[in-house]
Amino acid sequence: MGGPGGSRALELLRSLPRVSLANLRPSPGSKKKEKRRGRGRYGGRKCGRGHKGERQRGNRPRLGFEGGQTPFYLAIPKYGFNEGHSLRRQYQPLSLQKLQYLIDLGRVDPTQPIDLTQLTNARGVTVQPLKRDYGIQLVEEGADIFSAKVNIEVQRASELAIATIEKNGGVITTSFYDPRSLEILIKPVVFFLRGQPIPKRMLPPEDLVRYYTDASNRGYLADPSKVEEARLELAKKYGYSLPDITKDELFKMLSTRKDPRQIFFGLAPGWIVNMADKKILKPTDERLLKYYSS
Amino acid sequence: MAARTLRALCRPRLLVAGSSRRAAAGAEFRSAYSLDKLYPPRGGGGGGGDTGSEQEAKPPALDIPMDRLTVSYCRSSGPGGQNVNKVNTKAEVRFHLASADWIPEAVRQKMASMHKNKINRAGELIVNSEESRYQMRNLAICLEKIRVMVTEATEKPKVVSKETAQELIARVEKMNRERLRQKKIHSNIKQSRKADFD
Chain Y
32 MGGPGGSRAL ELLRSLPRVS LANLRPSPGS KKKEKRRGRG RYGGRKCGRG
82 HKGERQRGNR PRLGFEGGQT PFYLAIPKYG FNEGHSLRRQ YQPLSLQKLQ
132 YLIDLGRVDP TQPIDLTQLT NARGVTVQPL KRDYGIQLVE EGADIFSAKV
182 NIEVQRASEL AIATIEKNGG VITTSFYDPR SLEILIKPVV FFLRGQPIPK
232 RMLPPEDLVR YYTDASNRGY LADPSKVEEA RLELAKKYGY SLPDITKDEL
282 FKMLSTRKDP RQIFFGLAPG WIVNMADKKI LKPTDERLLK YYSS
Chain U
-7 MAARTLRALC RPRLLVAGSS RRAAAGAEFR SAYSLDKLYP PRGGGGGGGD
43 TGSEQEAKPP ALDIPMDRLT VSYCRSSGPG GQNVNKVNTK AEVRFHLASA
93 DWIPEAVRQK MASMHKNKIN RAGELIVNSE ESRYQMRNLA ICLEKIRVMV
143 TEATEKPKVV SKETAQELIA RVEKMNRERL RQKKIHSNIK QSRKADFD
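Keeping their order, the protein sequence lines are chains Y and U.
Adding 31 to a residue's 1-based position in the first sequence gives its number in my numbering.
For the second sequence, position 7 matches number -1 in my numbering, and the numbering has no gaps at all.
Bound conformation, chain U alone (with noise of 0.2 Å):
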């Protein structure tokens, strides 16, 4: 949404500067593969209409909002000689799960009881990251783990139905019978090899 409105923004703001300087300079160079040419201006729909249509192969990510979320920056553990001494590039997330509104509520006590070793006394999640060296990228590490906790705390347990289930027990006996008819073969034969006088 905030796209649209940006884009609707961006767009007639550029024409009106492209025309006026044409107007003005008269040497707004246009080629033929330049972007208005290459993506002509549609109305309305035109773009919407194009990623509905394309299927999408992942979902949206979670919308976290940052200033529900308090982060912090301390120095990294590990080698690295004077830079990671004085550079702060271990990233912290902490968030008070249970006034998260952001998240679904089951999912809250799903996640309260999945990750309950990395909630402390307050009732906060922490979640750190200092695995690379730079503290965006530790940030958006910390961020993609908050998302990973919560699909992992949204996904059903798997059920299944009874018709598979009764097909599932009808295969593990019908692989056992086999096997047990395959081994009487075999006893037969190496039987009808035995020598037995008598």
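For reference, chain Y alone in the conformation it holds in the complex (with noise of 0.2 Å):
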């Protein structure tokens, strides 16, 4: 269509006359027309608007009214179904079979560690930190087609999931980020364009500390050595042999994880990172040195 090196749309372009006013029309079927009442044998006569009565002459009662019965929305008992839920944290599911699915399009690249921002980049999973949404939890669904090794950071993982991941080989990690370290985790390009320093990310708040300390959900602060035991023990549990990831070719970038306070892999808090001259700047003062590797 286009012709060598594009000279068709050229010579067209030459030809044709100029574009104005005249010769302009929107494509067949985008602009419908609307509905105009009172008009003709269909929109008119009584408008839509039904024969006498609180319907044609537009007194009808409020929503919910049921002409004098007590409402169901009175009815009703009030129960704190929905009380603190702007306080409740929640997790973007991922299933097993999505991650199998973006693995097997090239979405996300199995050969380096995947992290949230791995998966946003593919566009796997859409997370809002403004929701309350504190990470991505890995769900079951797709544990018995799920044949890929990786290394894999969520924030919540259920045991069938660690048991699928770890049996074919691949290391899953559970990590916290508050929402700050959020929003920048899902969105660098965004932050380094503020020019702001990296943040250090924070730790856990009291009542997660437990989940995030604990080997059998593979905790980022849970000690390694327990890790190792409960690796053999789920092991056991689901009945799989555990594959030995030190003689993997791949298990130098199996066992990279990121440090506590680190945000990005290879990138330390405090350093700014300049996306117009491709530089990252990083302190020297030792005061700030001393407070971003506290």
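Heads up, a few of these hints could be off.
[To be verified] The calculated lysine to aspartate or glutamate pairs, modelled on EDC-like cross-linking and capped at a C-alpha distance of 16 Å, are: (1) Y/K129 to Y/D140; (2) Y/K198 to Y/E264; (3) Y/K162 to Y/D209; (4) Y/K129 to Y/E172; (5) U/K78 to U/E116; (6) Y/K268 to U/D59; (7) Y/K313 to U/E20; (8) U/K78 to Y/D175; (9) Y/K180 to Y/D279; (10) Y/K180 to Y/D140; (11) U/K102 to U/E116; (12) Y/K283 to U/E20; (13) Y/K198 to Y/D279; (14) U/K102 to U/D55; (15) U/K29 to Y/D140; (16) Y/K289 to Y/D146; (17) Y/K268 to U/E136; (18) Y/K267 to Y/E190; (19) Y/K218 to Y/D164; (20) U/K137 to U/E20; (21) Y/K129 to Y/D175; (22) Y/K180 to Y/D275; (23) Y/K198 to Y/D175; (24) Y/K267 to U/E136; (25) Y/K198 to Y/E260; (26) Y/K198 to Y/D254; (27) U/K137 to U/E123; (28) Y/K180 to Y/D135; (29) Y/K257 to Y/D245; (30) Y/K289 to U/D28; (31) U/K148 to U/E97; (32) Y/K162 to Y/E214; (33) Y/K289 to U/E20; (34) Y/K267 to U/D59; (35) Y/K268 to U/D55; (36) Y/K198 to Y/D275; (37) Y/K268 to Y/E190; (38) Y/K257 to U/D28; (39) Y/K267 to U/D55.
Note that these hints are calculated values from the structure, not bench results.
The two chains are supplied separately, each in an independent frame; assemble them into the complex guided by the hints.
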């Protein structure tokens, strides 16, 4: 359609008349005519209001009114189902099936550690930190067909999901991101353009410390030796033989982990990333260095 | 044992990798909360000593050798539409009970008598599970069932010592005596209310 070097379009442009209001038209089907009342047999006469009564005269009672009977929304007693809903932590689910789908399509690279940033760039998950999302949770759907060796970091994971990942020779870690770090993690470029130094990731709140120091959840603050024991225990429970990742060629990649205060792989807190000049600025003052490595 | 060797393999190699990378790139970030500061690597039985000192709440689960079992998957029963019709989620585990030397001999015989309805003519104990939607979980449930069977067959019947048996009999007799005494008292009270005019 373009012709060699796009010359056909150029020829067309030269020969056709000037674009003006006289020769522009919307594409057929894009503009639908609105329904106008009071015109003709079908839009007119009663104009869609019905026959007499409150309906035609526009005097219907409020929504929910049931003619005097105690309405549903008042008859049912109050109960705190949604009480404190805006203070509850939410985690977007990511099924193993979706993860396998993304890896198969090449949207997520299993030869690099998989992070929330990688998943967001691949448009596999959408996390909204402003809606009390604290990250993603790994869900078991697709556990039987999952067959990828990955080093993945999520915020929560169920036991079967952990077992599936480790059965296929991968490594899974659960870690905590406070809302500010989460927002930076999912949109890194937007953050870098602000010109602020990368903040240090905060430690989990009291009620989550227990979760993240537990080896059975593969928490990022758990004892590595206990994690090893938990891996063996899980292998015994689910009846698979634990593959030895030390003998793997990708062992170095599989064992990379972020420091608890680090948000990005390879970037430390306190650094400023200059996107325009493609430079990284690091602090040199010892007080700043002491603060950012505390 | 395997865990300790794996740990020993992992830690030095990770440290070596970290230090070489640090030397090369100069920027392996370590904050005050990094894992090697939170859990400093101790030599030898540091990790073993810890687990030994704290009370083992539950005994270690029975080690089932997977290569001695025959695992097969087939489609589960029940409602569920296309998913239950097509996906193989029911897990069935069978193994020859008499030749299973990972179970002690006495326990094997006890199991053969307790679960004779689950043993087929070839002498294989069959355990199946279709409770979960996932094959892996059904397999885990089968293994758990086998472990429970072995535990049940291992438990010895409670032997009540002579003293305890005598104490129990004495208790029952005392209860009956007390009951009869209370009954007599009550009967006297009711009698005393009767006005008997002779």
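Going down the list of hints, with the structure as the test:
1. Y/K129 to Y/D140: Holds, at roughly 14 Å.
2. Y/K198 to Y/E264: Since the Cα atoms of Y/K198 and Y/E264 sit roughly 12 Å apart, the hinted pair holds (cutoff 16 Å).
3. Y/K162 to Y/D209: 13 Å, holds
4. Y/K129 to Y/E172: Satisfied, since the Cα-Cα distance of roughly 9 Å is no more than 16 Å.
5. U/K78 to U/E116: 28 Å, violated
6. Y/K268 to U/D59: 15 Å, holds
7. Y/K313 to U/E20: 14 Å, holds
8. U/K78 to Y/D175: Between U/K78 and Y/D175 the Cα gap is close to 13 Å, so the pair holds against 16 Å.
9. Y/K180 to Y/D279: 10 Å, holds
10. Y/K180 to Y/D140: 11 Å, holds
11. U/K102 to U/E116: Given that 16 Å is the threshold and the Cα spacing comes to 15 Å, the pair holds.
12. Y/K283 to U/E20: 14 Å, holds
13. Y/K198 to Y/D279: 14 Å, holds
14. U/K102 to U/D55: Violated, at roughly 19 Å.
15. U/K29 to Y/D140: 31 Å, violated
16. Y/K289 to Y/D146: 10 Å, holds
17. Y/K268 to U/E136: Satisfied, since the Cα-Cα distance of roughly 8 Å is no more than 16 Å.
18. Y/K267 to Y/E190: Holds - the C-alpha atoms of Y/E190 and Y/K267 are around 13 Å apart, at most 16 Å.
19. Y/K218 to Y/D164: Between Y/K218 and Y/D164 the Cα gap is close to 15 Å, so the pair holds against 16 Å.
20. U/K137 to U/E20: 47 Å, violated
21. Y/K129 to Y/D175: 13 Å, holds
22. Y/K180 to Y/D275: Holds, at roughly 12 Å.
23. Y/K198 to Y/D175: 11 Å, holds
24. Y/K267 to U/E136: 10 Å, holds
25. Y/K198 to Y/E260: 15 Å, holds
26. Y/K198 to Y/D254: 21 Å, violated
27. U/K137 to U/E123: It holds: about 12 Å lies between the C-alpha atoms, which stays within 16 Å.
28. Y/K180 to Y/D135: Satisfied, since the Cα-Cα distance of roughly 12 Å is no more than 16 Å.
29. Y/K257 to Y/D245: 9 Å, holds
30. Y/K289 to U/D28: Since the Cα atoms of Y/K289 and U/D28 sit roughly 12 Å apart, the hinted pair holds (cutoff 16 Å).
31. U/K148 to U/E97: 15 Å, holds
32. Y/K162 to Y/E214: 11 Å, holds
33. Y/K289 to U/E20: 10 Å, holds
34. Y/K267 to U/D59: 13 Å, holds
35. Y/K268 to U/D55: 9 Å, holds
36. Y/K198 to Y/D275: With a Cα-Cα distance of about 10 Å, the restraint between Y/K198 and Y/D275 holds, given a limit of 16 Å.
37. Y/K268 to Y/E190: Distance ~11 Å between Y/K268 and Y/E190 Cα, so the pair holds.
38. Y/K257 to U/D28: With Cα atoms ~14 Å apart, Y/K257 and U/D28 stay inside 16 Å; holds.
39. Y/K267 to U/D55: Holds. Y/K267 to U/D55 sits at ~7 Å (cutoff 16 Å).
Comparing the model with each numbered hint stated earlier shows that hints 5, 14, 15, 20, 26 do not hold.
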